[in-house]
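Peer 1: Order-wise, the sequence lines are chains A and B. Letter by letter, the first sequence follows residues 1 to 375 in the working numbering. Letter by letter, the second sequence follows residues 376 to 626 in the working numbering.
Keep in mind the hints are simulated off the structure, nothing from the lab. Here a beta-carbon is modelled for each residue, glycine too, at the ideal position from N, C-alpha and C. Possibly wrong hints are sitting among the right ones.
[To be verified] Incomplete in silico selection of chain A near chain B, CB under 7 Å:
(1) Pro-30
(2) His-31
(3) Ala-32
(4) Glu-34
(5) Asn-240
(6) Asp-244
(7) Ala-245
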Amino acid sequence: MTGIVELKLENESIAIISISGTWSIYAKHPHAEEFIETILSKPSIRKVDLKFVDLKSWDSALINFLIHILDSCESKSLTVNIDNIPTGIRKLIELSRTSPVRNTPPAIQKKSTIFEFIGRVGLLVFFSLRTFLGFVGRLLIGIIFFIGGKVKIRSREFAIVLQEVGVKALPIVFLISFLVGLIIAFVSVLQLSQFGANIYVANLVGISMMREMGCIMTGIIMSGRTGAAFAATIGTMMVNDEVDALQTAGFSIINFLALPRVLALTLMMPLLCIFSSFIGILGGLCAAISTTDLTIVRYCAQTANAVCINDFFVGIIKSCFFGFFIAAIGCQKGLQCKRSAEDVGLTTTTAVVTSITVIIIMDAIFAVIFSLLEI
Amino acid sequence: MVPKISVKNLNMTYDDYVIMRNISFDVRQGEIFLIIGQSGCGKSTLLKYLLGLKRVSHKKIFYDGKDINSVVNVPGFYGEKIGVLYQGGALWSSMTLAENVALPLETYTSLNGKEIEEIVTLKLSLVGLKGFENFYPSQISGGMQKRAGLARAIALDPEILFFDEPSAGLDSVSAKRLDDLILELKESLGITVVIVTHDLASIFAIGTRAIYLDVESKTITAMGTPHELLMSSNDKNVIAFLSRGTKIAQG
Chain A
1 MTGIVELKLE NESIAIISIS GTWSIYAKHP HAEEFIETIL SKPSIRKVDL
51 KFVDLKSWDS ALINFLIHIL DSCESKSLTV NIDNIPTGIR KLIELSRTSP
101 VRNTPPAIQK KSTIFEFIGR VGLLVFFSLR TFLGFVGRLL IGIIFFIGGK
151 VKIRSREFAI VLQEVGVKAL PIVFLISFLV GLIIAFVSVL QLSQFGANIY
201 VANLVGISMM REMGCIMTGI IMSGRTGAAF AATIGTMMVN DEVDALQTAG
251 FSIINFLALP RVLALTLMMP LLCIFSSFIG ILGGLCAAIS TTDLTIVRYC
301 AQTANAVCIN DFFVGIIKSC FFGFFIAAIG CQKGLQCKRS AEDVGLTTTT
351 AVVTSITVII IMDAIFAVIF SLLEI
Chain B
376 MVPKISVKNL NMTYDDYVIM RNISFDVRQG EIFLIIGQSG CGKSTLLKYL
426 LGLKRVSHKK IFYDGKDINS VVNVPGFYGE KIGVLYQGGA LWSSMTLAEN
476 VALPLETYTS LNGKEIEEIV TLKLSLVGLK GFENFYPSQI SGGMQKRAGL
526 ARAIALDPEI LFFDEPSAGL DSVSAKRLDD LILELKESLG ITVVIVTHDL
576 ASIFAIGTRA IYLDVESKTI TAMGTPHELL MSSNDKNVIA FLSRGTKIAQ
626 G
């Protein structure tokens, strides 16, 4: 038996609501709205009488039902007789209704027009960019002071970060780069074999890995792996008051938290990029010799002929910048984290998305610059 | 005598909302000063203002008569002038307890490694954690983390010690032990203590003077010793807040 409600009219002006049965939030039960609607549709009704007949058990479902009835009737100046409400239920209703209401205004989410939306996004981008540039500026000052010996970083912590961002990233960089090289070679073979130009697979793989794919793939891997780790670590430190504790112990947050991480990734990225490029070429070699009549020696010789020193340095220069910005974005997002676990997740996601976007934008800018410089 | 800390007509905001208005009080040398009030009234935010973690306009907060904005960036303000124990201890999780306590000493003093090691042992002994030097924060209990945080806060012998909800999350025995420790440190080191709390047992056990931040009127509605607040305050919220404390204290 579930909750049962009967609505009767004693006379023109008094409505009687009889409540019985078993009320549970886990079972279907009557909703107040239909009874309220009936009562309010008869303007002659001035009083509502609540009666409880054979009420077996109840929980929040009944409390919620009664609060709805009481609120709706009282808002229309109808008198509700609550004398028959069982004591336990009455106490809970009173408790919920006497609970003080904080007069802090809630955050109002206004429906905005398209122009307001564009303006708001524009301002958000502007202020985010300004904050980030300020952060980068402070980082650069930290680096200058570090080079000048005025700022010290803890060598043990720095070594741990170097190991984390460098050595421990090698397996994933190896796997991704090898597969990327392999894919480029397979696609190239399919096209070039139609013209009998299989040998140029080595050129395509070599140049693309050295100039573009090596640094971009490493950058994307580092964004998802290291940038996210930086943001999550610092974000968690924010949640646990560890960052405040650093500040009130007199340490510069930038020099203590961000500088070692940024330096470590800026130093490690070129090395990872070189590793990635060579592993990509190895992947291309495997694909080429297994699908064409090219030999290892011919492939290597062709790669050496195709790839010039400029291609090598283009990749290295780009990876230095990528490393700096991935680490800076991770640290800055971490420091912007608020005080909840949910924010740590959000911060980490934002750091990864921002880093990857910045890498792609920067790569496009570098492409234009190198093209103008004819490198 | 110039107060150790002086707050004058401070308006506190959180995001864009004003949460407290016209906050004014003095903290005297050597007292245990309590900032009390219901949860969510802005006690911890006030602490952030006092610590210089939230920006404040000029001539609102003074340390020894000097504007906080002129002293907060002076080397030695943090660590030597003030020490802080945060709610959860806020130990740096990648470091052992010894490293947590040693870090300020390594950074701000010219002590050699052996001297630092000795001071670290001394500070950890003061809080009853001798022998835990090589433990990481994750390997010890919440109460021990707080005591280790206290050892770190007193590493540089600060003049003023701030506590944010020191008894939060502790059982009554551990909370009492921490209160006793605060009293002992205050008496033996002669430091000034500012505590943000809503723990009634602590308020009556260790507080010299207190201010009550009222969430409804958004300002200080009572100031004095905890017993004065209870006996002579006309504010119903203050009485309601503190009356349960007397029962606890008596019980």
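Peer 1: Each hint should be assessed against the structure and marked as holding or not.
Peer 2: A quick look at each hint next to the structure:
1. Interface restraint check for A:Pro-30: the shortest CB-CB distance to chain B comes to about 37 Å, outside 7 Å, so the restraint is violated.
2. Interface hint status for A:His-31: violated, as the beta-carbon distance to the closest one in chain B is roughly 34 Å, over 7 Å.
3. Among the interface hints, the one on A:Ala-32 is violated; its C-beta lies about 32 Å from the nearest C-beta in chain B, farther than the 7 Å criterion.
4. With its C-beta approaching chain B no nearer than about 38 Å, A:Glu-34 sits outside the 7 Å limit, and its interface hint is violated.
5. Interface restraint check: A:Asn-240 against chain B, minimum CB-CB distance 6 Å, threshold 7 Å, status holds.
6. Contact between A:Asp-244 and chain B, as hinted, is supported at the beta carbon level, the nearest pair being about 6 Å apart and thus within 7 Å.
7. For the restraint placing A:Ala-245 at the interface with chain B, the shortest Cβ-Cβ distance is roughly 4 Å, inside the 7 Å limit, so the hint holds.
The structure fails hints 1, 2, 3 and 4 (numbered hints given earlier, in ascending order).
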